[in-house]
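2 protein chains.
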Amino acid sequence: MYYIGIDIGGMTIKGGLTDENGKFYAKKAIDTKPEREYPEIVKDIAELCKDLAASAGVDISEVAAVGMGIPGTIDSAKGVITYSNNINFEKVPIVKEFRKYIDVPTRISNDANVAALGEARFGSGKGSKDVVFVTLGTGVGTGIIVNGVLLEGKGGAGAEGGHTCLKIGGEPCSCGKRGCWEAYASATALIRQTTRAMEKNPSSLMHKFAAEEGKVSGKTAFLAAKAGDKAGQAVVDAYVKYVAEGIISMVNLFRPDCVLIGGGVSNEGDYFMKRVQRRVNRFSYGGKRNPRVEVRKAELKNDAGILGAVALCL
Amino acid sequence: MYYIGIDIGGMTIKGGLTDENGKFYAKKAIDTKPEREYPEIVKDIAELCKDLAASAGVDISEVAAVGMGIPGTIDSAKGVITYSNNINFEKVPIVKEFRKYIDVPTRISNDANVAALGEARFGSGKGSKDVVFVTLGTGVGTGIIVNGVLLEGKGGAGAEGGHTCLKIGGEPCSCGKRGCWEAYASATALIRQTTRAMEKNPSSLMHKFAAEEGKVSGKTAFLAAKAGDKAGQAVVDAYVKYVAEGIISMVNLFRPDCVLIGGGVSNEGDYFMKRVQRRVNRFSYGGKRNPRVEVRKAELKNDAGILGAVALCL
Chain A
69 MYYIGIDIGG
79 MTIKGGLTDE
89 NGKFYAKKAI
99 DTKPEREYPE
109 IVKDIAELCK
119 DLAASAGVDI
129 SEVAAVGMGI
139 PGTIDSAKGV
149 ITYSNNINFE
159 KVPIVKEFRK
169 YIDVPTRISN
179 DANVAALGEA
189 RFGSGKGSKD
199 VVFVTLGTGV
209 GTGIIVNGVL
219 LEGKGGAGAE
229 GGHTCLKIGG
239 EPCSCGKRGC
249 WEAYASATAL
259 IRQTTRAMEK
269 NPSSLMHKFA
279 AEEGKVSGKT
289 AFLAAKAGDK
299 AGQAVVDAYV
309 KYVAEGIISM
319 VNLFRPDCVL
329 IGGGVSNEGD
339 YFMKRVQRRV
349 NRFSYGGKRN
359 PRVEVRKAEL
369 KNDAGILGAV
379 ALCL
Chain B
69 MYYIGIDIGG
79 MTIKGGLTDE
89 NGKFYAKKAI
99 DTKPEREYPE
109 IVKDIAELCK
119 DLAASAGVDI
129 SEVAAVGMGI
139 PGTIDSAKGV
149 ITYSNNINFE
159 KVPIVKEFRK
169 YIDVPTRISN
179 DANVAALGEA
189 RFGSGKGSKD
199 VVFVTLGTGV
209 GTGIIVNGVL
219 LEGKGGAGAE
229 GGHTCLKIGG
239 EPCSCGKRGC
249 WEAYASATAL
259 IRQTTRAMEK
269 NPSSLMHKFA
279 AEEGKVSGKT
289 AFLAAKAGDK
299 AGQAVVDAYV
309 KYVAEGIISM
319 VNLFRPDCVL
329 IGGGVSNEGD
339 YFMKRVQRRV
349 NRFSYGGKRN
359 PRVEVRKAEL
369 KNDAGILGAV
379 ALCL
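Here the protein sequences come in this chain order: A and B. Take the first sequence: its position 253, counted from the start at 1, is 321 in our numbering, and no numbers get skipped. Take the second sequence: its position 191, counted from the start at 1, is 259 in our numbering, and no numbers get skipped.
Hints may be right or wrong, so weigh each one.
[Stated by the list, open to error] Here are the simulated DSS-like pairs of lysine-lysine, each with C-alpha atoms no more than 27 Å apart in a straight line:
id, chain 1, residue 1, chain 2, residue 2
1, A, LYS287, A, LYS276
2, A, LYS146, B, LYS356
3, B, LYS283, B, LYS298
4, A, LYS309, B, LYS283
5, A, LYS197, B, LYS159
6, A, LYS146, B, LYS194
7, B, LYS146, A, LYS197
8, A, LYS159, B, LYS101
9, A, LYS197, A, LYS146
10, B, LYS294, B, LYS283
11, B, LYS356, A, LYS164
12, A, LYS356, B, LYS298
13, A, LYS356, B, LYS283
14, A, LYS159, B, LYS197
15, A, LYS95, A, LYS82
[To be verified] Beyond 10 Å from chain B on every Cβ pair, some chain A residues (computed):
id, residue
16, VAL148
17, SER192
18, LYS222
19, PRO240
20, GLY244
21, LYS245
22, TYR252
23, LYS309
24, ASP325
25, ARG357
26, ASN358
27, LYS369
Quick caveat, the hints were computed from the structure, so don't treat them as lab data. Every residue gets a Cβ at the ideal spot worked out from N, C-alpha and C, and that includes glycine.
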C-alpha cells in the first residue's frame, strides 16, 4: 500500500508519497502562504496529495491513509488544530475539511511528535519502542514515544518538554513562565548566551567567527571553543550542562531506549554529543544500576516530518 | 473473582484480599524484618496470602491473581526486583520465588507506581485514564499513568519524577545530582527550609510550634503561617512554588486528567492545595487554551498500596 505524509510548516508545506517502509515514490513542496483562511490552505494540501499520486503514477484510491504533522496544539483524537503558533489556525477541523477532497483515513499530530515518530520508525531510533526526541531549534521541541505510542496528553497538550523547569525563577520564557528548559537549551538561548559572553570578553575568538559569518549564531561559541578560546569553551560547557540536565529529567521520567537530538546544534558532532552523553550517563537516576540510555543524533533531517506523518498512519 | 494486594514496606508488609471493585474481605500486616534473606521474606508473604484467604473464608484457588508494590527499581516484565532502597533486595526473582508457594499470576511494580494505580482505579483519580500521582514524603515519589497503563520505563527505571530538575546546580539530592525537585519539594526539604528560616528569625512563631511538637516537622511552617507569622508564610510561599513548579513540568509533559498529591503535606488542606492549583492553572503551557488539570488530594491513604497492587492484576 501507499501512504502520503504531509509536513506543514509556517513557510512551506512538504509532502511525500511512500510505501510502508518509508521508501519515497514522490516528494513535493508548496508555499504555505499562512495569512490565508484555512479552507484555502487545506484545498492546496489536497491538490498536493493528488500531484504526489500523479507523479508517482499511483491512483489516489491506492493511498491507504494520509498523515499530517502540524506546529501547535493538535487534538489528534478529534482531528482538530486547537491552535498553531506559526500559522493562522485556531480550532480548525482540518481532517473533516481535508476529507471533503480526498476521503481516506487521515491522522494528524503535532510536528515534533510526528518527527519523533518518524525517527523512531525509520531513522536513528529504528527498532526502539521508547524514544524521546528533542529538537534544539528556535525553541526546544520534544516528541515522546512510550511503548510504541505517541504521548500526546489531554487535547494534545502534552509532550511540551521544552517547558519543563530547568531553573525555577530563571530566564523568562516565551510561554510566560520563567526558567524553562527551552530558555536555556534552544539555539535562541545559545545565541543569547554567546552574545553575553562576547560582551564580557572583547578579545574572544567568538568576535572573529561572528564577523566571518556576519552574525552571532548557534555555531559561534562552538567554533571558538574548538579553536581553544576559553570564553567560547565556557559558553559551550554551560550549554552542554543545560542540554544534558533537561535530557536527564526526560531519562528519569521515561527511561527510553534512546534520546534523539535534532536541530542545528546536533551537527556539532562528537564534541557536543559525547559530552552530553557523559553527563547523562553520570547523573541519570540510579547510575550504572539502571539501563543506560544512548543519546544519538536524529538522522532523517528534512524528511523526518514527512516520514513521521507516514508513520502516524501505520 | 478475588485478588490479593501486597504492599511491601521497609518495616511492614500489608496485605488485603478484595474483589475487582476493591471491596476488602480481609486485611492483615506482618513485620518485614528486612535484614533477612529474601527467600524467608517471600515465604512469609505467601503465608500472609494464605492467612488472608483463610480469614475471608476463600479457597486460595479462588484467588485470580496477586499484585505486589515494592520500593525501589522493579523490572515488572521480568518479575525481578532490580534493587530496593529500604530492604535488602538486589536482583531478587520475587515472582518466581513466590509462585513456588502459590502458583497464581503475580504482578509486581514500584510502590509509587502501584499507589498511583490504586488512586486512579479506586481513589480520587477514579474514572481517569491519565493520572500523575505525587507523594510528598521523605522524598518525592511519582507514579504516572498514560492511557490507563503505568509508565515504567526500561527495566522499570522510569517515573522518577522526584529527580527531574527544579534548579540546575541547586541543593544536593540523595541521588548524587543537584537541584532535583525532591531536594525542594519533599517533606525532608520543607523541614530543612523551615529550620533555616527559624535560625534567621528567632522571634518567629515557628519556634513556638516546633517546641510544642518537640521537633521541627513539615507542619511547623504551616502552623505559623496560618497564625499570621511572616517568616512562616515566607517558607510556605516558597514551598508552594517548589511543589507547583514540579507539577507544572509534569502537566506540560503528560497533560493528564488530574494530578493527585499524597503524603503528609497534602493534609494541609485548601491553604496548600488551592495555592498549588492556582499556580498550575496560571503557568502550565498554553494557559487557558489548553485543558485545565485538576490538582486533588489522594484519598486512599494506607490502603493505596494494597488496592494499587490489586489494580495491577486487573
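These are the hints, each one checked on the structure:
no.: 1; hint: A:LYS287 <-> A:LYS276; verdict: 12 Å, holds
no.: 2; hint: A:LYS146 <-> B:LYS356; verdict: 19 Å, holds
no.: 3; hint: B:LYS283 <-> B:LYS298; verdict: 20 Å, holds
no.: 4; hint: A:LYS309 <-> B:LYS283; verdict: 39 Å, violated
no.: 5; hint: A:LYS197 <-> B:LYS159; verdict: 24 Å, holds
no.: 6; hint: A:LYS146 <-> B:LYS194; verdict: 24 Å, holds
no.: 7; hint: B:LYS146 <-> A:LYS197; verdict: 17 Å, holds
no.: 8; hint: A:LYS159 <-> B:LYS101; verdict: 59 Å, violated
no.: 9; hint: A:LYS197 <-> A:LYS146; verdict: 25 Å, holds
no.: 10; hint: B:LYS294 <-> B:LYS283; verdict: 18 Å, holds
no.: 11; hint: B:LYS356 <-> A:LYS164; verdict: 25 Å, holds
no.: 12; hint: A:LYS356 <-> B:LYS298; verdict: 45 Å, violated
no.: 13; hint: A:LYS356 <-> B:LYS283; verdict: 38 Å, violated
no.: 14; hint: A:LYS159 <-> B:LYS197; verdict: 24 Å, holds
no.: 15; hint: A:LYS95 <-> A:LYS82; verdict: 8 Å, holds
no.: 16; hint: VAL148; verdict: 13 Å, holds
no.: 17; hint: SER192; verdict: 17 Å, holds
no.: 18; hint: LYS222; verdict: 4 Å, violated
no.: 19; hint: PRO240; verdict: 12 Å, holds
no.: 20; hint: GLY244; verdict: 7 Å, violated
no.: 21; hint: LYS245; verdict: 5 Å, violated
no.: 22; hint: TYR252; verdict: 8 Å, violated
no.: 23; hint: LYS309; verdict: 7 Å, violated
no.: 24; hint: ASP325; verdict: 6 Å, violated
no.: 25; hint: ARG357; verdict: 6 Å, violated
no.: 26; hint: ASN358; verdict: 4 Å, violated
no.: 27; hint: LYS369; verdict: 26 Å, holds
Hint compliance for this structure: hints 4, 8, 12, 13, 18, 20, 21, 22, 23, 24, 25, 26 are not met, and every other hint is.
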